[in-house]
Structure formats: C-alpha cells, structure tokens
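*Asks:* Sequence:
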Amino acid sequence: MKSNFIILLFILFSVYSKSQEFTATISKTPVTVGERFQITFSVNAEGSNFKAPDFKGFSVLSGPSQSQNIQIINGAMSRSLSFSFLLSADKIGDYTINPAYISCDGKQLKSNSVQIKVLPESDAQKQQRQQEAEHEKSLGDQATKILKDNIFVRLNISKKDVFQGEQVTATYKLFIHPELNIVQLNPSKIPSFNGFWAQELNTDKISWQREIVNGIPYNSAVIKQVVLFPQRSGKLTIDPYEFDVIARLKVQTRRRSNDPFSSFFDDPFFGGSYRDFPYKPKSETYTINVKPLPSSAPSSFEGAVGSLSLDAWLDKNNVKAGEPITLKVKISGKGNLKLIQQLKVNFPPDFELYDPKTIDNISISAGGATGNISFEYLAIPRNAGKFKIEPIEFSYFDLSKNAFTTVKSTEFDITVDKNENQQLVNNVVTGIRKEEVQLIGKDIRFIKLNINDFEKNRTSLLFSNLFWLFVLLPFILFFIIIFWLRKRRNLHADISLFKNKRATKVSSKRLSIAKKYMIKLEYDKFYEEINKALWGYVSDKLFMPYAELTKDKTRETLNSKGVDETIINEFLDTLDAAEFARYAPGDAKEGMDNIYRLAVKVITDLEGTLK
5 MKSNFIILLF
15 ILFSVYSKSQ
25 EFTATISKTP
35 VTVGERFQIT
45 FSVNAEGSNF
55 KAPDFKGFSV
65 LSGPSQSQNI
75 QIINGAMSRS
85 LSFSFLLSAD
95 KIGDYTINPA
105 YISCDGKQLK
115 SNSVQIKVLP
125 ESDAQKQQRQ
135 QEAEHEKSLG
145 DQATKILKDN
155 IFVRLNISKK
165 DVFQGEQVTA
175 TYKLFIHPEL
185 NIVQLNPSKI
195 PSFNGFWAQE
205 LNTDKISWQR
215 EIVNGIPYNS
225 AVIKQVVLFP
235 QRSGKLTIDP
245 YEFDVIARLK
255 VQTRRRSNDP
265 FSSFFDDPFF
275 GGSYRDFPYK
285 PKSETYTINV
295 KPLPSSAPSS
305 FEGAVGSLSL
315 DAWLDKNNVK
325 AGEPITLKVK
335 ISGKGNLKLI
345 QQLKVNFPPD
355 FELYDPKTID
365 NISISAGGAT
375 GNISFEYLAI
385 PRNAGKFKIE
395 PIEFSYFDLS
405 KNAFTTVKST
415 EFDITVDKNE
425 NQQLVNNVVT
435 GIRKEEVQLI
445 GKDIRFIKLN
455 INDFEKNRTS
465 LLFSNLFWLF
475 VLLPFILFFI
485 IIFWLRKRRN
495 LHADISLFKN
505 KRATKVSSKR
515 LSIAKKYMIK
525 LEYDKFYEEI
535 NKALWGYVSD
545 KLFMPYAELT
555 KDKTRETLNS
565 KGVDETIINE
575 FLDTLDAAEF
585 ARYAPGDAKE
595 GMDNIYRLAV
605 KVITDLEGTL
615 K
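To convert, take the position in the sequence shown, counting from 1, and add 4; that gives this note's numbering.
Some clues are possibly wrong.
Using 25 Å as the maximum straight-line C-alpha spacing, the simulated DMTMM-like pairs for lysine to aspartate or glutamate come out as follows [unchecked claim]: (1) 390 with 421; (2) 320 with 215; (3) 320 with 306; (4) 513 with 359; (5) 32 with 109; (6) 177 with 280; (7) 320 with 424; (8) 177 with 153.
Now the in silico label distances, taken between C-beta atoms and shown as ranges [what the hints assert, rightly or not]: (9) 211 with 580: 20 to 26 Å; (10) 370 with 214: 49 to 55 Å; (11) 414 with 524: 43 to 49 Å; (12) 395 with 554: 27 to 33 Å.
Everything labelled a hint here was simulated from the structure, so no lab data went into it.
Where is the CB? At the ideal position from N, CA and C, for every residue including glycine.
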C-alpha cells in the first residue's frame, strides 16, 4: 500500500513537472554564415508575457510565429504553446542563445540556453545566399505594397485649430481587409499626448463593423478615443499609433485578378505556398494649432474654458456662534470642468474655515465634457453679529463669443446670535471641530458623614504633584496643538512634499479599485485604473504635471533620482503591458492578474528608492 502511494506521488510529480517545462530547440547545428535556421520555444501549458532573448550575433528574419496545440488522449487534455523565429547567422564563431521567459500558472518560467556553431560559407553558398537575399527583398517589397492597402490605422481629429483649454477629440481607428489573414497583431507604440491633459474614453470592448473605404469593404474598429485639452499654446503634435503585424500571404505563380492576396510567384526555398510577412502600420502624425487666450484676462480667471454658469447658496443664514454653516458653489455647463480649481471665497476674518470638499458630476464623451463640479466650504463663526460674504466671482473664456465672461453670485448676509456657551466657543482651539469638544457636566461629590475622618484624611492639593500637573497640562497641550497645526500648514504649503507623501496612498487606492474591476472581469476599467495608478504615482512622487508626463521624461527623471535601471524598465514595461493586454491572445483573467502583480511590485520597488 505504501509503495503504491509512493508511485502515485511520483506520477503526480512527473505530471506537474511536465506541465512546467519550457524548452528551446533549433532546427540544425552547425550552420554556415547567412544560412537560415529555426529556433522554437515551447511550453507544455498555457502561457503569457513571452519574452524572447536578444539573439545577439544573429539576424531575425521573421517571428515570433505563435502556434497552439490541444490534444485529448484517453480523455486527458493537454495543451502546448510555441513561439518560432527564423534566424540567420551573421559571423563565424561559437554562440549562445540566451533563455526566453514566459509566465505560466502565475510563475515565470525560464527556458534552456542553446549553443550553436557558425561555420564559414563556401563560394557556392555565398552566391546562393545573395540570390536568396534578392529574392527575399523582392518578396518583402511586394508584400509591403499589398499590406499597405489592406491594413492601416487612421487618426481622426475633431479640430485642428483651437484655443488653449479647448477640447479636441482624437479617435484612432484600425482597418483590416476581411480576406487578410492576420497571424499576429500587437501595438508597438502608444501615443503620449505631450502638452495635453488627456482623458481616455471608455471603449469597453473592441467592436468590429463593416466600413467602405474608396469602394472597398474593410473591417474597422475604434481602438482608442481620447479627449484632449491643450495646456499650452503653439504647435502641439499628436503622435501616431503604431502596430506590429504579421500577415500570412499566399505565394504562387499566377495572380488571380479578383484576389488581392493571391501573390505572385513560387517560393522554392521554403517549398510552401504560404509565407508570414511582418508589417508596421501606423496612423498619421497631426499637428494642432493652439491659439493663446487673449491677454486681457480678468483677475478671477484661472483657466476655465467653455460655456459655463455659476450658482452659489448658503445652507442657512441665521446661526448661533460656534455652529457651522456650509456655502456651496456649483459650476455647470460644458468645457474643461475637470481642470477647474476651488474658487476664492472671502469669509469674515473671525470665521474658522475648513478645507473645501469637491464633488464632481462630469460626463466625458466624444462630444465634450458636460455636467457640474461643486465645492462645499465649511465655516464656523466665533462671535455674534451681522456679517457679509462678498459675491463669489468666476471667469471663463467663452468659446461661443471668443471672449472672457465673468459671472458673480449674490452677496450673502449672515446673522450670528450669541451662544449661551460663548465662553466655551471662544476657548475652542482652532482646528478642532465643534462635535469633538465634550462638555463635562457638574461633579457629583461624595458627602462624608464622619467629619473627624474627613479632617484626618484631608490633604492639601495646593503645590502638590497633581496641582503642578493641572497647571502645566494646558500649556503642554497648547504647544502640541500649535506644533501640529504649523506642521499641517507647512505640509499643505509645500505642495510637492504633500503630493510626495500622498503618492503611495493614492496609488494603493487606485490599485484596490483595479482589483475590484479584475474580480468583475471589467477589462477596460481595470487597465484604466492600473494606468492611472502608475502614472499618478510618478506624477505625485516626482512632482511632474500629469499633462507633461512622457516615458522618456520619466526615465530621465527617475535616472536622476538614482533609481536602478532595472526598476525603471519594469515600470515602463508594466505600462506597455497594461496597454497591450487587451489585444493579446490568451486567458484575459490571467493577464489581468499578472499585470496587477507587476503594478504592485514596481510601485513597491519605486517607493523603496524614492523615499
């Protein structure tokens, strides 16, 4: 019985080990200079995030070509995944092809390295290689010509001549001929939108539809749609969206006139009728002319642009001293609502003020940002009397008039009555809320029946330890509160320090939201939160405006802060992986889980360096 159990464990261990195998094999060795050979990386399970080696000393002619195999033998199902590259040797010598990496079942697997010897080629081989190179170039040129007309990316810009702060909508659309056989499709370069504040619209899932272009039907889909608000005037460039494509075309001697993919000639070297060709479609590069706003801006103008209105009101006009009042200010309409900052409100001098609360109800679509943003100002009057809050002024640039518009609220009258506990109100320390102050009632004193015992046990409180404690305690508390208030005021005054300290907290909150979307399998919302967590972290930590963040600038700044190059690469790779994941084949749930782990790891590593 014991031996059977050991055999069963051995079988289970063998099966588990087999499922974790990741191997590299080559079609031949040795090879001569210029000779083509194939290297294949295979894993006996489903995998993702494949990373190929650098193939130093070899030229990559094509690949990776991905293939998946599923077998069912005696009711047992097995899967395998392979990635193949066609290589040619550049120089004579002994070479080592380093291992590749792939994620499998939440673990990163590493393949074996491969040794290969490269020999000199003979004159006949050299001549044959030159002929093959010319043949390959001819093949590639003709394939590129075909693919250029049958897979392309277009960028549509809603406006090309705008004012600073005016909305521009950029829509990237991918077109693929329905008869084109796409083997691989991955984004290779994502536009960065330098100089813009960008808000990506939620496209949920890629939705394909039939569209006619120049009389030819294509399958088209919106792959990215972004609402942009230019943050500076001048010429701003919207970068192209680029893809890496591998398309499978048929190679034959005769071309049928009605088939755009029936191509051209025999391929005696490969001996097959189909070939995979790489291609890099990309959208156009657009330049937006951003006009500066007029120089005659009113003093209350803080950058708001659009068609907006102001509404303000008090929750009550008659209160007692020490009771809170709330002033609410709402800005509604269409424009760059997300960028509007808290308005300046002039409260009477003896009103105690608290940090305003911001509430936004903004909907962003391709047609514009609409809705409202509200600010709630909490204040507590300390003395009785009649007070006024000056009218609140708000200015914005009206796009319909091409001029500045200023709107004002009414003046607010407040009557503050005397509070019966006025002494307590006056003694409340600034920064402590009214509801946090507790009023202790009258003491209940025990009445001694035996006066002699009372006289005998009575001790004097005057100048005792307890007496000095009561004397010094208010001063100690006073200095502690003053120190805390000063530290808090300095923290808010130093915006960079404040943002630096809150960076990890904000990114952790976004990662928590992303995890909820991951559980619900809401892919696009998950990747959007991951993107915000990563970019928001470096924006706050490095005190870099969100609109000016680029990968190159981020790399340069992190390098200047002494961050290890490996961590920087992990951060940028995680950003790319989050953007590319929705196009990648495989298990979407596993992909989200891997990217979530990478995001948590890279933020943790950065925090350890940027403390």
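*Asks:* Evaluate each hint against the coordinates.
*Replies:* Going through the hints against the structure:
Among the hinted pairs, residue 390 with residue 421 is consistent with the structure: their alpha-carbon atoms are about 9 Å apart, no more than 25 Å. Straight-line distance between C-alpha atoms of residue 320 and residue 215 comes to about 59 Å, which puts the hinted pair past the 25 Å bound. Between residue 320 and residue 306 the alpha-carbon distance is near 29 Å, which puts this suggested pair outside the 25 Å criterion. Distance check on the hinted pair: residue 513 and residue 359 sit about 21 Å apart at the alpha-carbon level, within 25 Å; holds.
For the proposed pair residue 32 and residue 109, the alpha carbon gap of about 31 Å is over 25 Å, so the pair is violated. In summary, the hint linking residue 177 to residue 280 is supported, as the alpha carbons are separated by about 24 Å, within the 25 Å threshold. Of the pairs offered as hints, the one joining residue 320 and residue 424 holds, with about 20 Å between alpha carbons and a cut-off of 25 Å not exceeded. Distance hint between residue 177 and residue 153 is fulfilled; the C-alpha atoms sit about 15 Å from each other, no more than 25 Å.
At about 24 Å, the beta-carbon gap between residue 211 and residue 580 stays in the expected band of 20 to 26 Å. Between residue 370 and residue 214 the beta carbon distance is about 21 Å. The supplied range of 49 to 55 Å is therefore violated. Look at residue 414 against residue 524: about 46 Å separates their beta carbons, and that is inside 43 to 49 Å. The supplied range of 27 to 33 Å is broken by residue 395 and residue 554, whose beta-carbon atoms lie about 42 Å from each other.
Checked against the numbered hints given earlier, the structure breaks hints 2, 3, 5, 10 and 12 and satisfies all the rest.
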